[in-house]
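Undergrad: Residue numbers (this note's numbering), protein chains in the order written: chain Y, 1 to 214; chain H, 1001 to 1214; chain D, 2001 to 2214.
Careful, some of the hints might be misleading.
Taking lysine to aspartate or glutamate pairs in the DMTMM-like style, the calculated list, with each CA pair at most 20 Å apart, reads [to be verified]: (1) D:Lys2207 x H:Glu1155; (2) Y:Lys207 x D:Asp2009; (3) Y:Lys115 x Y:Glu155; (4) H:Lys1115 x H:Glu1209; (5) H:Lys1207 x Y:Glu155; (6) D:Lys2115 x D:Glu2032; (7) H:Lys1115 x H:Glu1032; (8) D:Lys2115 x D:Glu2155; (9) Y:Lys115 x Y:Glu32.
Some chain H residues near chain D, calculated using beta-carbon distances under 8 Å [claimed, not checked]: (10) Val1040; (11) Pro1070; (12) Val1087; (13) Ile1091; (14) Arg1095; (15) Leu1144.
In case anyone wonders, no lab produced these hints; they're calculated from the structure. C-beta atoms are modelled at their ideal positions from N, C-alpha and C, and glycine is treated no differently.
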Amino acid sequence: MNSAIAGLDLLVFFQFIGVAAFAVSGALVAGERQMDWFGVVVMGVIVAVGGGTLRDMMLGATPVFWIASPWYVAVATLFALATIPLVRWGISVRRPMLVADALGLSVFAVLGARKSLELGTSGSIAVIMGIVTGIFGGVICDVLANRTPIILRKEVYALAALAGGLAFVLAQHFGLSAALSLWGSIGIALALRLLALARRWSIPIFKIESSEPD
Amino acid sequence: MNSAIAGLDLLVFFQFIGVAAFAVSGALVAGERQMDWFGVVVMGVIVAVGGGTLRDMMLGATPVFWIASPWYVAVATLFALATIPLVRWGISVRRPMLVADALGLSVFAVLGARKSLELGTSGSIAVIMGIVTGIFGGVICDVLANRTPIILRKEVYALAALAGGLAFVLAQHFGLSAALSLWGSIGIALALRLLALARRWSIPIFKIESSEPD
Amino acid sequence: MNSAIAGLDLLVFFQFIGVAAFAVSGALVAGERQMDWFGVVVMGVIVAVGGGTLRDMMLGATPVFWIASPWYVAVATLFALATIPLVRWGISVRRPMLVADALGLSVFAVLGARKSLELGTSGSIAVIMGIVTGIFGGVICDVLANRTPIILRKEVYALAALAGGLAFVLAQHFGLSAALSLWGSIGIALALRLLALARRWSIPIFKIESSEPD
């Protein structure tokens, strides 16, 4: 068996899991806001590809990635729509979703950092692009749902994306192999996110009494 | 009379109607949120050109379309400002607006799909770009007005944009003439939207009891 | 002393002040929304570079400006984080911030208009790009904080950005020197903004009784 191809396949499979998980989480937010089926698809697709879209637009890597690879949008559409009967049948998707979502976050953050490096940015910009790829789909989704983005308010979520991107940049800098850089940094991000979930880690809050009514 | 030029003129005229209608709808949202006159202009311009701007940025068709053709922003500014005295004089603009808005939606969706095809995307991406062109100006406007985008919650609106874009892509695929492809698909989108308004068609809602406070 | 270099230094210094002030204002909004420290950084960076990022994406001037000059993001990150202890120690940053923020608005608006002209746009587009550069970071920040953008609702803020960009475009059109165009138009925008603050100038409001529940 060719391990390079197996590694590639596994990466595609992990991306698939991530796209599906992100799409389901967008669909769940759409359901909480009582959107129609079209809104469910829009929200699912935006969570799945929104971060990478913003990354590509900022980097000038246009047309954005999903225009040449429409399977991202197709998979996100299918899983967003599939969320509707799953919820109606009372099948709880939230708990198994957490692991799938953590995997998606880790894979997207590392691949975002890698794409940024490939386009010639510095390492610090690559880390930022990894974070943008991993979290901004969810941020846009929360904005459309008219609520303050959850990931800006609680939990070690973006920090896991940061750790994954940083690990990849450092691994490349110190000349580790492509495969080790990739899988090692995905593993670091994933471990950090899962530990944060298990131990309920959170980041300190900055709280000001609001000085003006809105 | 040269029918090609007449067709071109009619298309420009329809775009003009669409830009005006979209700008007025943005100005009305600004008024509901008690924005100042500057906000009225910003909201009107965003509804009118926001969707096409996002489309161009995602496709890499930059500078975006209105930078080389400033009449879009000028017309949107004028109609947004004109909304203020119209509303003060008690002239109801909402009902006649619905038809003008439907025309704008149809024209923008089909032209968005056409531009996408011209830039070499697949047909499915062209349909998505048609939807983005037709609806995302309104989505951004609703986000700025701090409410869940209406078109994600009710009515057959985005579906009309989808139908128009899809009809255009199919017409081109089957070799219909440029004029027939254009006007036929605009007609399909317009008919669907007007029928949806007249018969109060809506898309099923996906509703979940919210599991967390926001 | 070389006055050209001194002028350049002063411009960089003013940009530094502007980035710092914008970052602090983003951090304060994050605090009002009880975001975590990561959210504080995200909000500070977005206010500081969001407007210029949108400008560059619309103009096709990608990769966006801060990718080649990471000091913008670094300074914004530092000042956003520094806001946390300042507020905890009870040091009021709001009042001195107003002048720094006005300086940032003026510098960013004029530099945004200049960049647009350098990329070959018309003068009217350059004015728009100046406004976008000056205000859209704050607009995106307010959207993330789930409130209607303040600058669309009150005060002469965007109008100062418009005046600065317009003055720069006119100065260039009439052949004034680069330095006079730059500093004169920054001065005009700054004077207008400070006068508006001192005299509590505001723009008329457009108010419609809301016709639908949201």
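Undergrad: For each hint, tell me whether it holds in the structure or not.
TA: Structure-based check of all given hints:
| no. | hint | verdict |
| --- | --- | --- |
| 1 | D:Lys2207 x H:Glu1155 | violated (26 Å) |
| 2 | Y:Lys207 x D:Asp2009 | violated (36 Å) |
| 3 | Y:Lys115 x Y:Glu155 | violated (26 Å) |
| 4 | H:Lys1115 x H:Glu1209 | violated (41 Å) |
| 5 | H:Lys1207 x Y:Glu155 | violated (26 Å) |
| 6 | D:Lys2115 x D:Glu2032 | violated (34 Å) |
| 7 | H:Lys1115 x H:Glu1032 | violated (34 Å) |
| 8 | D:Lys2115 x D:Glu2155 | violated (26 Å) |
| 9 | Y:Lys115 x Y:Glu32 | violated (34 Å) |
| 10 | Val1040 | holds (5 Å) |
| 11 | Pro1070 | holds (6 Å) |
| 12 | Val1087 | holds (6 Å) |
| 13 | Ile1091 | violated (13 Å) |
| 14 | Arg1095 | violated (12 Å) |
| 15 | Leu1144 | holds (6 Å) |
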